[in-house]
Structures are given as structure tokens and as C-alpha cells.
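Use the sequences and the hints to build the structure in full.
Protein chains in written order, with this note's numbering: chain E, 1 to 388; chain X, 389 to 860.
Keep in mind the hints are simulated off the structure, nothing from the lab. Yeah, the Cβ is synthetic: ideal placement off N, Cα and C, and Gly gets one too. Warning: the hint list may mix true and false statements.
SDA-like cross-link-like pairs, simulated, lysine to any residue; straight-line CA separation at most 25 angstroms [claimed, not checked]: (1) E:220 with X:795; (2) E:215 with X:792; (3) E:220 with X:615; (4) E:217 with X:601.
The following label-pair restraints were derived from C-beta to C-beta distances [as the list claims (entries may be wrong)]: (5) E:113 with X:754: 33 to 41 angstroms; (6) E:315 with X:761: 46 to 54 angstroms; (7) E:109 with X:531: 48 to 56 angstroms.
Chain X stretches covered by chain E per the calculated footprint, using a threshold of three residues with CB under 8 angstroms from any CB of chain E [what the hints assert, rightly or not]: (8) 404-416; (9) 569-583; (10) 603-613; (11) 821-829; (12) 835-849.
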Amino acid sequence: MITRRRQPTLPSGRTAAERSELRRQARQLQDDQDGAGPPPRRRRVTSAWRALAIALAGVVLGLLLDAPGLHKSAVNQPEGWQRSVAVELTGRLDRISHAVYLDRPRAELKSALGRAQDDRIDTNIDIPIAAAPVPTTTNGEAATQRPPGKTAFSPAHPLRLWVAGDSLVISPGYALLRAVDNARSIKSVGGVDGQVATGLERPDVFNWFTSIREKLKELKPSVVVLTFGANDDKGYMTGLPKGVTVSDFGDPAWEHEYARRVAGVLDLINRAGAYTVWIGLPFTRDPGQSARFERINAIVGREIVKRPNTAAFVQTDLLMAGRTGGFAQYLRLNNGETVDARAPDGVHFSADGGAIVAEKVVEQLYRKFDLTSWRRHRTNGATATASR
Amino acid sequence: MIFPTATFTIFFLVVMPLSWLTMPHVRLWRIFIVGASLVFYGWWDWHFVFLLIGCTLWTHFWAIRISREQRSAARRALLTVALTGLLGTLAYFKYFDFFVNSSHNLAHAAGIGMPDWTRTIVLPVGISFYTFMAISYVVDVFRRDLRPVGLDRFAAYLTFFPHLVAGPIVRGSELLPQMRTPRDPRRVDSSRAFFLIGTGLFKKVVIANYLATHIVDPVFAVPGAHSSPEILIAIYAYAVQIYADFSGYTDMAIGLALLLGFTFPQNFDSPYAAGSVQDFWRRWHMTLSRWLRDYLYIPLGGNRKGRFRTTVNLMITMLLGGLWHGAAWTFVIWGGLHGVGLATERWFRERRGARRAGSSDRYIWLRRLATFNFVCFAWIFFRSDSLSLAWQMITGLFTRWGEPSPLVTLGVVVWIVVGIGTQYLPARIPQGVMARLSRLNIAWQSLALGATLMLANAMGPQGVAPFIYFRF
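Now the structure itself:
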């Protein structure tokens, strides 16, 4: 039964603000009454079973309308039976949706928003064919190549810095941008492109090879600071070349393919004329995960050693290790201050931890590039002008 | 489990019919809903289910003891024990890291070596919310405002999954009576429920996430790298983001509870249309505001002990409200600013009230503008990771007006305007939409729901970012 409710009346002789406040209170009262008793007269109540039917039908319709996006989300899940089931179910849903044209509204909307590619599952790994590795000495230095002189940057011609990678890059990335904020010879381009739950194993989740290629064209960076690998400690890869299969994490086929992808990223950046600073993976609270991260670090390290003039590796495992040489949540800085260096998950860096890593990246940039001589030139110029 | 996920959708579509099927046998329903709520909570980390059970048993035990005790001093002692346990647990999870950091630094200053601490404390989702509900229950029992109920009803009240992880903070007097007798399955306010779920989903998934990723996160992370217009718009964007995020979640919570036959109190009432800071706190996170008023400000003496004590009480309440969000100076300053704002307003109101009451009504829009900008200024501290970053945001507002502002896009401006503008809509408009929705037949209502789900999913980013208030 629907009951009639009397609207609260407003007393006269009030100021506008008081009337406004009273109206608000009256509205509030009505809302409260909506909860406590029957709903307002104009709104119809319904039975629980009818509400359930609406919810079920609405969800089913929503599933059909969203089928392409759901299918992509299912494909992006970590390997396992849940993924297999989800891919199978959403694949069928996607086919039904397509057959009855229910996928069109979403496609049109995505297109209007300029995000037509969102639902595309892209596993194409377009990377340069690996060049012959440069022979190296035992300490990792190039044996035959002489390192070129330092490239100079200035405020008029700044070093263009782009930071990208998985979620591990976010905290050090922002700390790095803060650290170089006042360095007039360094300019951030593209901010911090940290894509959560991505890596080099699964281009279907996020295709870094395509993204890096496009961003290099768009941003024209001089230096790319990267981190990958935190989500790559699984034995499942997509985008494998024909005839290649990998079974377990760390098996020879996996290592070979992962090294090919790391080399591809490094060469892609090098061919665009940029230098790579690759932030290595830290120890984590889980010793098993730390061991897997060390294997990834070893692969990346080997590929970077082959390219001594175009890339550098910033090691974070020992940098962030405690006094016992393993994972440490808290680190003591040189000034004696103790900082909470890691996120509560025991994997990511906290803001303070990110700052420690960023400091090492900055050191690497100053070691590799001439970022300060413009000050001397300016001072000399000013002196010469003054003496004239 | 969080609301806008496929997992929760399946969970809810199973729980809803089972809830109505068991509802005629209300004791059975209570057991069922507690079990379902524990599954909901344990989905995130099953270890913390024991914490929730412990909190429930602890509160129930002491509430019964307090109600049976007649001697005033003994009742007070029992209440102290109950509150110490609840607040101690909350403090342990919220402030342990801060304590470890501080003790390490103190020990170092004193020349004492301390071993490396490899662990950190993971904050259980929603602990602040259910602890506050437990406190309100035990205090209400102590004050004899509420009679303690059986364990099954109390457990259903405290663990009820729609409010469990981010509120609203529902009082025992509001929810416990609803759980005494079966809800009427013929009278479900489904149009309001679907409206709240749809708008809440859109606010969170589309508006909050868009503003967070397109301007708020990059600018607040490195203010020095952004122009003054970008900083200004990022501050306004954060005001809309936190509103859309938090009110979106509670809208969904209220809607889900309605589908199960229960009513929660309203948690937001167009807060950016407030004409004063006091008015803002009547409209923002209303269930927390009234909790702070009734269980902190009034017990401290409220405004009954003179002007100076009133000011002190306001400051204490707002500073503790700030600290509730975390052990950081940024939150203390945020709370302090609101305390100063409230105290200053009160002072002006008292002076003006003595001379010419209500004379400034023609300036209502000016006061709304001033209040909104004051609230936004305070949000700078709330959102910034450190005081130095907050200071960079403030100085950056004035020093880089000539620089390019690539992050100030049409999309960002549109969502800010939508986020603020909708708060000025007359209440009859959403009421009218709900009324029209309720008159549609099942097919059209389902179509409206399905289309909303599609819109939110298609317009939002891939994946769902966690809700801001989960970490509190």
C-alpha cells in the first residue's frame, strides 16, 4: 500500500538563508523518512522478487553491452583455471553480443571518446631484430668501443626525460621528477607512465612494445627510465613467435624469449636516439619472489652489459637491503634517520624508498651526461659582458 | 571484494535471493547475513575475518556487562575497558608504523642500536568504520540510550556487508530495530536503490577515476613541474574526485542495502553548496560528523562551558578527526584548518548575532564561494604526501601563470563542472527521475540499469582504482 505523506511546511517571516536551511532540513527529513517508512507517494515500491528480476535482467543486458571489454578483461587475467573459464564464457558472450549488434553502442561510444583501440587484444611484438652483441670485457665494459664524450644539455636544449614501466616505477618515477624539478637542464616529458599489472610477458594486457614505439615518436625523449619485471615472474607469455613455446618461468626457452624482449625494448629506445636507465627489481618480503626477481635482474643486466653506451642498470636489490642483506621494510639513511622504505605489500617502494632509488638514477644521469657546464658558460659569458 | 567488480556482482546476485528467502525466519537470516558478510570481508584477506569476529565478540561481551551493572563507577570502568580494547586495536593498526619509525629515530638519537624491522602493519579494510560503529553501540548502551541485543542481531548489525568497509557509520538505534523483525518483501524501494547504485557507480568509475589519472595524481606528485592553472584546476579536481569517490561508494552501499530491505542514513548532501564551514560539515560525511559531535565534541563539553572551552573542544574534535585519517602532519593541519574555520565562524556569528541577525543572506553565493575555496584549500594538505609538497602546491598557485597547461583539458573542466554543478540541482530532479524510473515496466528498468552499467564500464578506465576511503 502506498501512503500519502504531508510535506513539511515552511514558516514565513524568515530570511532567505534561513528559508534555504529550513528547506534543506525539510528535504533531509523527507530523505530520512524515505528510509524509515514508506517511500514518497510519487515513487512506487516493488516486490523483492521484481527487484531481483530487474537486477538480473539489467546485469545480463549490461554483460552483453559490455561483452568486448569483459572479454578483454578476462584475457588479461593471470594464467589459471579462472582465466580459462572467464575467457571461454566471455568469448561466447562476445560472439552473441556481436551477432545481435549489442556490441555496437559500446564501440560507438569508445570511438566517440577517441578510445576505439581499448577493446583490441594486441599481442604483436614489433621490436628491432637483435644486432650482434658488442664484445665485452669481464667487468662489463665494452672491449672494442670507446665510450663517447658526454652529451651536454642546457636550459635551451634540455635533457628530455620520460619515465615508464609497471607499478614499481611510479614511486621512484615521481621522486625522480621531484629531484630534477629544479635542474633546468632536465625536462620531464610525458610524466610517469606507470601501468599497473603490466610487463613484457603479456602484451595482451598492455602492449609496451607498441606503446614505447608510439611514445618515442611523440615525446622524443633523450633518456627513458624504465622498470619492468615485477609482473613477469610467471611461466606464461603471450605474443610468442611461431613455433616457440615456454613452459615454466626461468626455463631456457623462457629466458631466451624474455631476453629477446628486453633487448628489443633497449634497441627500440636506442634507435630513437635515447638512452635507457633501467631500474632493477628489489628484494621483496617473499624470498621465493626475490629469487625470481634476481633471475629477471640477471637477464636485464646481461642485455645492458651488451649495450654499455646506450643503457645503464640501476641495481635496487642491495640498495634497498637491510643489514642482513635481505629485504628490509625500514632503512636507516646516512643521516641516521629511519625511513619506511617499502609499501605495506612488501614489494613496492614507499615515497621515501622511491626517493632513495631516484637519487641513484640522478647520479647515473649526471655521470652519463653533461648537465652543468652550461652554468660555467653562462657565468663566463656574464663575466665577459661585465668586463667589456 | 569491492562493489564495482564482477566478483561482487555475482556475490550479490546470489546473496539477494537467499537473503529474502531466509528473511521470514529472522534468526536464520541473521546467521546467513553474518556468514555472507564474513565471506565478503574475507575475500580481501581471510586473516582479518578473525579480527572482525573478535571485535564483534568483544563489543557484545562488554555491552552486556555494562547493561547488567548498576553501580555508576563500575559501569564507567567497564566502558573504559571496552573502549580501550577497541581504540587500542584501531591505534595498533593505524599508528604502529609511525610508532616504529619514531622509536627507531629516538633510539638512534640516544645511541641505542635497534634491529631491522622487516614487517609493516597492513591496515585491515574498513577497521575505522566498524570500530566507530562498535564504539557508538557500547557508549549508547552505557548511556542507556540503547538496550543490548542478542549476539546474532549485534553481529548482523556490525558486519552487515553494505556498510562494512567504507560506511556510512550506521548507529545501533538506526539499524538494530530494522533487524528485529523480517523486512517486508513487498515493499522494496528498488527505483531509489538502482538510481543510487547507477549514479554511485558512474561517480566513482568515471568521474573520480578520470580526474585522478588525468590531472590530480600527476600534479600532486610533482607540483613543481606544473603551471599555476594546472595546480589550481588540480585542487578543484581533487575536491570533485574525493566527493565522487566517497559519495559514490556510499550511494552504492545505501542502494544495495535498500535492495536487501534496509535503510541507511544519508552520508552526503551536496557539500559543495554549503554556505559555511559548519554547513559543510552538516553535509559532508554526515555520519562521521555526527559521530564526532555525539561521541567526542559533546562529551568534551560541547558549547556548554563558555566561548574559550567551545573553541578548544572544536579544535580537539577536528584535530582528532584529522588524525583519524592517519598519523601525518598533513592530516593534522587539514583538521586544524577546519577547526579554526569553525571557531572563527562561531565567533563571527556570535558577534553578528548580537547586532543584526541574518543580515548577510544576500551574500549567500559569496559565502558559498568562500566556503568552497576554503574547503579546497584544506584539501591541499589532505591530499599531499608531505608538508613540503603541500607548500609547493600553494606557492605554485601564484608563481607560474604564464606557463603552458597541457593537463587542463576540456574533459577535466567538464567533469569538474558536472561534479560541482549537480550539487546545486534542486532535490526534486533526482526525486523525479526516481519516480519516473519506478513507473517503468521491468523491461525498461532493466534496460536503464544495463545501459548505466555499460556507460560506466565503457567510459571508465581499464580496471578499477581502489576507493580513497578504504585506507582510512
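Here is how each hint holds up against the structure:
{"no.": "1", "hint": "E:220 with X:795", "verdict": "holds, 19 angstroms"}
{"no.": "2", "hint": "E:215 with X:792", "verdict": "holds, 20 angstroms"}
{"no.": "3", "hint": "E:220 with X:615", "verdict": "holds, 22 angstroms"}
{"no.": "4", "hint": "E:217 with X:601", "verdict": "holds, 22 angstroms"}
{"no.": "5", "hint": "E:113 with X:754: 33 to 41 angstroms", "verdict": "holds, 37 angstroms"}
{"no.": "6", "hint": "E:315 with X:761: 46 to 54 angstroms", "verdict": "holds, 47 angstroms"}
{"no.": "7", "hint": "E:109 with X:531: 48 to 56 angstroms", "verdict": "holds, 54 angstroms"}
{"no.": "8", "hint": "404-416", "verdict": "holds (count 3)"}
{"no.": "9", "hint": "569-583", "verdict": "holds (count 10)"}
{"no.": "10", "hint": "603-613", "verdict": "holds (count 5)"}
{"no.": "11", "hint": "821-829", "verdict": "holds (count 4)"}
{"no.": "12", "hint": "835-849", "verdict": "holds (count 12)"}
Of the numbered hints stated above, none is contradicted by the structure.
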